[in-house]
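Please take these sequences and the hints and turn them into a complete structure.
Sequences listed follow chains H and P, in order. The first sequence begins at 678 in my numbering and counts up one residue at a time. The second sequence begins at 6 in my numbering and counts up one residue at a time.
Hints listed in this document are in silico derivations from the structure and should not be mistaken for laboratory results. Nothing here was measured: the structure is a model prediction, and the numbers come from that model. The beta carbon of each residue, even a glycine, is placed where N, CA and C say it ideally should be. One thing to keep in mind: the hints can contain errors.
Part of the chain P face toward chain H, derived, beta carbon under 10 Å [claimed, not checked]:
| no. | residue |
| --- | --- |
| 1 | Ala180 |
| 2 | Gly184 |
| 3 | Gln224 |
| 4 | Pro286 |
| 5 | Val291 |
| 6 | Ile309 |
| 7 | Leu310 |
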Amino acid sequence: MKEPEIPSVTVNISPVQSAGRSGELAPTGQAWIEKLAALTTGYTPQPEREQQETTYYDYPVLKAPTWRWQIIWYFFFGGLAAGSYLIASIASLWGAPEDRRVVRAGYYLSLLALLPCPPLLIMDLGRPERFLNMMRMFKVKSPMSMGTWCLITFSMFSGVTAGIQAARDGILGKWWGARWLAGLPQKLIAFPGIFVGMFLGGYTGVLLAATSVPLWSRSKLMGAVFISSAMSTSTALISLVLRIIGAPASVLHKLERLEWAVLLLEMTGLFTFLRQTGRAARPLVGDGPGEHGATFWRFVFGGLALPWLLQTLTLLGRHSDRPRRARGILISLLVLTGGYFLRRTIVESGRTSSRDAKTTLWNAKKE
Amino acid sequence: MAVERVHPLKEMLGVFNRELPPAARPATGFFTDTSLCIGCKACEVACRQWNQLSAPDPTWTGTSYDNTQLLGAETWRHVLFIEQIGRADGGGLQGDIQGRIAEAKSSGALPVTPPGTALPFFNTDRWLMMSDVCKHCHNAPCHEACPTGAIIRTEFDTVYVQQDICNGCGYCVVACPFGVISRDDQGDQMAHKCTLCYDRQKDGIEPACAKACPTDSIQFGEVEQLRAHARERLGLLHERGLSEARLYGEDESVLEGGLHSFFLLLDEPAAYNLPENPPRPSNNVVPASFWTVMAAMIFGLLSILFFKE
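Written out as structure tokens, the structure reads:
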């Protein structure tokens, strides 16, 4: 249902003015999205009052992020690489003997997900041939600098651990190098690797939080949301692979329970994030021009709430193996798709947020 | 001219020599006094000419005489035109204007029906102009964000992008709370902004915009002297009844250290597209990391719990 439109009183000719909610008097979006947006952010748009707020012809205060599609895929794959490593390492250090399947799948998937990361990041630079300049600095204050070093360190951990795994699985043959690799203490390497993996899974959110874009920086929970999503997508990926290649029900049951708990925490984190961000979260949850609520709420229902409900049903009910397997695969696919769209809407809504002069100036007001 | 011969081995090892930075000089900056700006845009032109920035295709915004709109990779000075027509009495010179007009009319100092057009001081309409520029923040978010070290502080304590190092990662673009630094997406794909005419300063000449400004609205000098001058100027304007005048970035309140390029404004900062009190992005690193670690710990413990039995 569309709400009646109130004609705009300002004349917008300038191209920079068309972005964001600026110049719009009434929310033109679908009612259900607007309702959810108001409910979760605790902010109901007041177009008449917002129109009175002082701006300079609504020209953006900030410059829009220059990052393109590569960064979205990097956030997705980086999260998978980190999460898979964490789950595999924990299963290796604390798990039962049958959990070796999780370890094996997790380490291989971590390395596979990691492989596209450096090329994606380098492609997204303005001058890709200068990517080595990132290694001129070690800057604790800059999450991008720390992230670069973390990615390099994690690559070594992931590469060595997966290499040991491959050598022990006999994939690398029986020459002296493979024998040497197989003899390395995988668990000893995995323990510090857990912390590097945690850094990789979460720093991307911290990187977004340490900007001037209101949507990304107002709440300090962006990193927590990113690591949650890294965990949920990785659990989904590992259980998807294990369901396809086959694993004991007890192992799958552990992953099911983990997925259920992680999704619950991810929802909690995400809703806290929205509430804290308030008005600045509009580009993510609203349905006005340039706002991504339509995609975002489909992700929340289809990629978080629905798989969580299905997981609850699976854990409560006593089903035979076949529907359990199909349902498990469905849950995994939903969570993985959702994880991609979460990152995509957050990155793209950041662009809208940076163009919204009124919210930027509101965000910078004295307390 | 004789060319100095360098031994090839010495040349090869030269990359390991650490070049000593030039000795620190007193911090320099701009004081842009908008009460003197007449909107001539000489600064915009002088900046483009000196720094060899290409002129954009002329566009007609339809909002005001400001057709430049924003600072950017190829626009390092930008003159804003703020048209305040039919605004509410804001105090200052305009304070109680109606009362004073009525008084003048009753005393005969003013004809009851003004001949011709009403004089400008009889109404509250006004134009504000301001030449915007990089703020050269004391705690510059772009400088803090830069992962390559391309953005440095020069010996004049100005913020400068080294073009031979920048790899166009774009992190400074989202870090800047003033929307100043930009990546030249049509050109060389690197970050650009005002250099505070580093090249001219090296030769002891003032920046091109300050040199070109015909009303001294843009003043260049040592930051400490400029600050003292700005406070003096503010006092004078307040004395003359312009109570709306205020300084922006002169003290240490903006970004926890102030701006080396600061402004005297005649209205609230938002009217000039300036954030009143922008959060400092790097302050978010610690709290955001803390919550990330908290979340990671919970997930770690949960995983251990589920895998352990």
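Hint by hint, here is what the structure shows:
{"no.": "1", "hint": "Ala180", "in the structure": "6 Å, holds"}
{"no.": "2", "hint": "Gly184", "in the structure": "4 Å, holds"}
{"no.": "3", "hint": "Gln224", "in the structure": "23 Å, violated"}
{"no.": "4", "hint": "Pro286", "in the structure": "5 Å, holds"}
{"no.": "5", "hint": "Val291", "in the structure": "9 Å, holds"}
{"no.": "6", "hint": "Ile309", "in the structure": "5 Å, holds"}
{"no.": "7", "hint": "Leu310", "in the structure": "9 Å, holds"}
The earlier numbered hint that this structure contradicts is number 3, and it is the only one.
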